[in-house]
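Chains as they are written, first to last, in the numbering used here: chain U, 1 to 507; chain Z, 508 to 629.
These aren't lab readings, by the way, just hints derived from the structure by calculation. Worth double-checking, as some hints may not be accurate.
Here are the simulated DSSO-like pairs of lysine-lysine, each with C-alpha atoms no more than 27 angstroms apart in a straight line [said to hold, decoys possible]:
(1) U:K44 / Z:K589
(2) U:K177 / Z:K514
(3) Z:K589 / U:K447
(4) Z:K593 / U:K417
(5) Z:K514 / U:K261
(6) Z:K589 / U:K417
(7) Z:K625 / U:K372
(8) Z:K514 / U:K30
(9) Z:K601 / U:K438
(10) Z:K625 / U:K417
(11) U:K365 / Z:K625
(12) U:K246 / U:K12
(13) Z:K625 / Z:K589
(14) U:K261 / U:K177
(15) U:K387 / U:K261
(16) U:K246 / Z:K625
(17) U:K387 / Z:K514
(18) Z:K625 / U:K438
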Amino acid sequence: MTPPRKKKLNLKKRYELMTRGLDWETSYQKMDDVFPYDTFEGIKITDWSKWEDPFRLTMDAYWKYQGEKERKLYAVLDSFAQNNGQLGISDARYVNAIKLFLTGVTPLEYQAHRHFAHLGRHIRGVGPRVAAQMQSLDELRHAQTQIHTISHYNKYFDGFSEFPHMHDRVWYLSVPKSFFDDACSAGPFEFFTAISFAFEYVLTNLLFVPFMSGAAYNGDLATVTFGFSAQSDEARHMTLGIEVIKFMLEQHPDNLPIVQKWVDKWFWRGHKMLGLVAMMMDYMLPKRIMSWKEAWEIYFTEAGGALFEDLSRYGLRVPKYADIATDEAEHISHQNWAIFYQYTQAAGFHTWLPSDEEMAWLSEKYPNTFDKYYRPRFEMWREMEAKGERFYNNALPQLCQTCQIPMGYTEPGDPTKIGFRSTEYAGERYHFCSDGCKDIFENEPEKFSQAWLPVHQIFQGNCGGADLGDVLKWYHMDNGIDNMDYTGSPDQKQWDAWQSARKRVAG
Amino acid sequence: MAVVALKPGYADAVEIRDRRENFHGNQVVYLHWEEHLSFCAATAFPLPPDMPFGALTEQLIPQYYGMHPDFASLDWNQVEWKINGKPATPDMSKSLAENGVDHKTLIAFRTPGLNGYKGSCS
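In isolation and in its complexed conformation, chain Z is listed as follows (with noise of 0.2 angstroms):
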């Protein structure tokens, strides 16, 4: 759709303000724990783009959302990923990158059986 501005050339001037260069070598991660929206949003993180998956499970999630009711039943095996909406099986050992996590990309963990505050998915 062509441009409505009244100056020639503003759609070549746009300048995006959130391009990953912008982030000093990190990119944005989003993170979402599904069913437990007592977190009122999903989570934003400027991450290295090589750090390993594996940091997410033991560093930031139980830094994060640690102090959840459920956090203390919650088992990593049983956790079904999603990565930009499509269901995956990351590689812990391996990075973010080679999981396919890029740039603003959003990460979603469902744990079946855990579904919040009493049930409530709060």
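Chain U on its own, in the form it takes in the complex (with noise of 0.2 angstroms):
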């Protein structure tokens, strides 16, 4: 006779068991006071329970997973260390997209670990409590292994070694560090829509496809190696966001119009800051993969149009000025290129004009706007370099009261002139960029007119000094090493010396 067999649960019963009741009702406390974030932003939730895991996955199977994930990443990145993996990227250009994403992005993974942690506290119920939990975790992993990554990078090239100071001061990297405080400092719904849904959901691809892709055309094996890793946690992260989505919106119908204010506001946040990702794959790297505009149409005009058309059951609309953005596309990169190359000064990272294969490339992909609006700039400071009169914009720049960038973007529709804009709060003047980034700012005019915005700091005398010597001290930027022209840098001068040792020993 066989012995009974022992009976085993199944997923579904076993996930349930470790992941649900562990919680009770209050009854010294009232709920509203042991939870006091999850009603002020006036979501309506009439039951906890209806909340769906997407993925269901016990802290025990967790562990494990990035536990086996960790180990497998750590492996690569010492091979990459022991083979001299930085002389196998295509050019030490391509280095100072890395730059900008350790000093703009990392410490934004390690806000989104705090924050996450934060909501595994504060919200009433179990479901998007654990999910919460896990992916703090998940966000404070990314950021220990990009720096671990990029590490490597710093032992031989400028512009990364003061990364967590400069992101707290620098003009641009004001820009992710103020659209993440304003999530952080929003209630738990609106930061689950801004973070998990606009911007892991909705943009995420255009953030994380076109930059591994781009390492990997690059010989980045280092980053592409950390992109993986975070790659199926990325893909719970979504789920997340689609969850919350859908979770506020069967909820009750009070919460729609909530909720589209806020995938209105996060798509545009959203679509700014990824500027600086449009222009790096359209002039930052060395080797291109596809275009910003391209980017765009697929990840999302075709990809976002599907996921909007399936959500309007609910209610949800497009966000408001998708068609701008999508215009936009057409110019941004361009724009923001411009922008630091004439403050190449007091960048972080070194900056170059497009050479004529480059800019050939760029008339191709942007037969509507590269020859008639952006090669006549290029051209022009070209010209001047040649006559060693390099265009340098000695004077700050007005920035956008909500956005944080110099406001060089156009009006919708005339490319020939800026977009101005400006309304009035308790007898004081603000300025924007944009319909998109005056709309936020009315909406919530207390919270906008406190933005610390780098340039009117600077005239108050809180940054160091009013010479661009003193701000960039005050930044811990080594003028004439970290910032400036890549000709002529230090880190020219070292890949150079490099290349051409390999060719003597090949030789």
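Reconstruct the complex from the two isolated chains, following the hints.
This is the structure:
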């Protein structure tokens, strides 16, 4: 007689036992006092148990998977370091894209870790609380793996060493920083909509696909490795994003207008911030994968279009100004690179003018705009460089009160005119780069009137001094080393020396 | 619109960072040369309100915009001005304040006939 088999729980049951019923209804304290954050935004939740976990992942399985990924990642990184992987990249100019990523994005991963930990405490429903706790750990892991990966480049290239310090101070890094501060200082449901849905679901492919393919095309195996290691987490985060939206919309009809307003806001904020990625794809990769415009068409117009069609059954519509963002995909990378070219003296990475070959690529990819509006700009600067009169903008730029980017964007439909918008609040005038940014301000003027605008802070005397040299010191940027054009930089000299040494060995 | 905030009285505790009082007697003024977008955005300056408007055309604009190839042909008598979006005829001898320039004012100028490198608005 065979012994009776031990009963094994099926996956769903096991999952339920390990994730549900772990909390209780409080009796000495009011639930609203224990969970003060999840009601003030006006989102109405009638039944938290209706939450469907997108991934039925328990903590024990989570540790196991992540541990395995971690071992693989560090094995690849070790071999990259031992084989001098930095010599295998397409060109040292490429590293400047990584500088922007480390100083701009990696600190956001850490902020995401902190804020998901906060949500993992403060959401009343146990399902989303567990999801937020796991994502909090993911984000900490992403920050760590990125720092480990990039620390290798820090041994050989300038501009990396002060990344956490720079993130809190540098004028253009205030763009990603203020974006995330805005999300973290909002309530939990707005944060979920901002980060989990708008950023990680709607726009994430625009960041990760180009960034990781760009790294692969340019021989940066270290970055590709952390990208792959993060990818399975990202899939989980995306699913959390869509689940949160559906949950809010299914719980109560009053939630729709609130959610719609957040979707409009965070789509626009994400679009402006991703302009940095646009510039990286079109100007900073020595070997290019696809243009920003092509990426926008595939990942927003097509994929985003299908998503919002699906969500229309809840009454949610395509984000406001999506048509304008699509129009801007023809311009944003050129306009952003022009900003950094003329403010290279205050940038923590190197800049350059596109070569003839690169301009031919841009003409082909942007037949409607490049030759007419942007090629002449670069040709003028090239002529000036040839005469020894390299074009620097020595005045500080006007910044948008909302996105904090220099107000360098043109009117929809007229690329020869800068778009200026302004409004008044409490007796003060505020300026914006677009209707999208102006709307965001007007919905929450109390919040955005407190913006820490880097240019105004310099004028108020809060950034180390009034001269460029003082401000660079306060940024911890080494003048003549971390900033200015690639040509003539210590990075270039070093790279050229390595390349000629390799030729000598080979020849 | 009512403020959505967890803390009661949030709106009253707001501290606007860029009030004029925070600029040590100066006010922020923005300058913009239309149809010359090689200057990527309008430029910002902390200026005393009693500075004569003429100091813009005599000092500030030549210093910060003078490197543009169009600048040598610029005729100030032809220039069209806009202050906060409205056409204006500034009196060069009078102060910024007397010309209606206050904190965070945008002064735009257009130079008919000069519209950027090879007419490209760059």
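Okay, the hints, checked on the actual structure:
1. U:K44 / Z:K589: The hint is violated at about 49 angstroms.
2. U:K177 / Z:K514: Judged against 27 angstroms, a Cα distance of about 23 angstroms means the pair holds.
3. Z:K589 / U:K447: violated, 30 angstroms
4. Z:K593 / U:K417: Within the cut-off at roughly 16 angstroms; holds.
5. Z:K514 / U:K261: Since the Cα atoms of K514 (chain Z) and K261 (chain U) sit roughly 22 angstroms apart, the hinted pair holds (cutoff 27 angstroms).
6. Z:K589 / U:K417: Holds, at roughly 14 angstroms.
7. Z:K625 / U:K372: holds, 11 angstroms
8. Z:K514 / U:K30: holds, 18 angstroms
9. Z:K601 / U:K438: Violated, at about 33 angstroms.
10. Z:K625 / U:K417: holds, 16 angstroms
11. U:K365 / Z:K625: holds, 23 angstroms
12. U:K246 / U:K12: holds, 21 angstroms
13. Z:K625 / Z:K589: holds, 24 angstroms
14. U:K261 / U:K177: holds, 22 angstroms
15. U:K387 / U:K261: violated, 51 angstroms
16. U:K246 / Z:K625: violated, 53 angstroms
17. U:K387 / Z:K514: violated, 59 angstroms
18. Z:K625 / U:K438: Status violated; Cα separation ~34 angstroms.
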